[in-house]
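Going by this note's numbering, the residue at position 105 of the sequence shown is 105; the numbering climbs one at a time, nothing skipped.
None of these hints come from the bench; they were simulated from the model.
Any given hint could turn out to be false.
[Said to hold, decoys possible] Computed beta-carbon distance windows for the label pairs:
#, residue 1, residue 2, range
1, His35, Gly103, 19 to 27 Å
2, Leu66, Glu102, 25 to 33 Å
3, Asn63, Ser25, 17 to 25 Å
4, Lys99, Gln41, 38 to 46 Å
5, Ser55, Leu79, 15 to 23 Å
6, Asp95, Pro74, 24 to 32 Å
7, Asn101, Asp45, 39 to 47 Å
8, Asn98, Gly72, 29 to 37 Å
9, Ser94, Asn34, 29 to 37 Å
10, Ser23, Asn98, 35 to 43 Å
11, Gly32, Ala100, 27 to 35 Å
12, Ser23, Gly103, 46 to 54 Å
13, Ser47, Asn67, 15 to 23 Å
14, Glu81, Ala51, 22 to 30 Å
[Unchecked claim] Using 25 Å as the maximum straight-line C-alpha spacing, the simulated DSS-like pairs for lysine-lysine come out as follows:
#, residue 1, residue 2
15, Lys59, Lys37
16, Lys9, Lys37
17, Lys58, Lys37
Beta carbons are placed, not taken as given, at the ideal position from N, Cα and C, and that holds for glycine.
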Amino acid sequence: MTKVLGEVKGFWLRDVIEALGLSISDAARGMGLNHAKRLYQHMNDESHLGAGHLSAFKKNNPNVNLNYVLSGEPPILLLPEQMKDIALYRATLSDIRNKANEGLGE
1 MTKVLGEVKG FWLRDVIEAL GLSISDAARG MGLNHAKRLY QHMNDESHLG
51 AGHLSAFKKN NPNVNLNYVL SGEPPILLLP EQMKDIALYR ATLSDIRNKA
101 NEGLGE
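The task is simple: from the sequences and hints, build the whole structure.
Right, dumping it as structure tokens:
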């Protein structure tokens with residue numbers, strides 16, 4: 001069994017939800033949860049949300065800093081220029097993959 005070095009704290013996600021001005025119910029729906037109970041359990045450290053729920057939350061709220069949600073490392077929300085840097089990084093990775101795939105097809 002792998003030992004996890006850090007621990008995700010549920011209040012980090014609560015901080016993000018408050019910074020966005022969302023209700024817990026709206027945040028839960030944005031994660032694809034039918035009920036807010038799972039979100040409350042996560043925020044109270046009784047359980048943890050999966051990557052799919054956090055990914056959906058990020059997709060619906062692109063300025064969320066998932067580093068903060070997972071580790072408490074600020075900032076809570078990303079500034080527009082930080083979001084642009086992430087978009088450029090994704091585009092670069094996509095270009096690299098496309099070029100690699102083109103090279104494999106030759």
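Right, here's what the structure says about each hint:
1. His35 with Gly103: 19 to 27 Å: violated (48 Å)
2. Leu66 with Glu102: 25 to 33 Å: Holds - the Cβ-Cβ distance for Leu66 and Glu102, about 31 Å, lies within 25 to 33 Å.
3. Asn63 with Ser25: 17 to 25 Å: holds (20 Å)
4. Lys99 with Gln41: 38 to 46 Å: Holds, since Lys99 and Gln41 (Cβ atoms, about 44 Å apart) stay within the stated range.
5. Ser55 with Leu79: 15 to 23 Å: holds (21 Å)
6. Asp95 with Pro74: 24 to 32 Å: Holds, since Asp95 and Pro74 (Cβ atoms, about 30 Å apart) stay within the stated range.
7. Asn101 with Asp45: 39 to 47 Å: Holds, at about 43 Å.
8. Asn98 with Gly72: 29 to 37 Å: The hint (29 to 37 Å, Cβ to Cβ) holds, given that Asn98 and Gly72 are roughly 36 Å apart.
9. Ser94 with Asn34: 29 to 37 Å: Holds, at about 33 Å.
10. Ser23 with Asn98: 35 to 43 Å: About 41 Å separates the Cβ atoms of Ser23 and Asn98, which means 35 to 43 Å holds.
11. Gly32 with Ala100: 27 to 35 Å: At roughly 32 Å between Cβ atoms, Ala100 and Gly32 fall inside 27 to 35 Å, so the hint holds.
12. Ser23 with Gly103: 46 to 54 Å: holds (49 Å)
13. Ser47 with Asn67: 15 to 23 Å: holds (21 Å)
14. Glu81 with Ala51: 22 to 30 Å: holds (26 Å)
15. Lys59 with Lys37: holds (21 Å)
16. Lys9 with Lys37: With a Cα-Cα distance of about 17 Å, the restraint between Lys9 and Lys37 holds, given a limit of 25 Å.
17. Lys58 with Lys37: Distance of about 19 Å is within 25 Å: holds.
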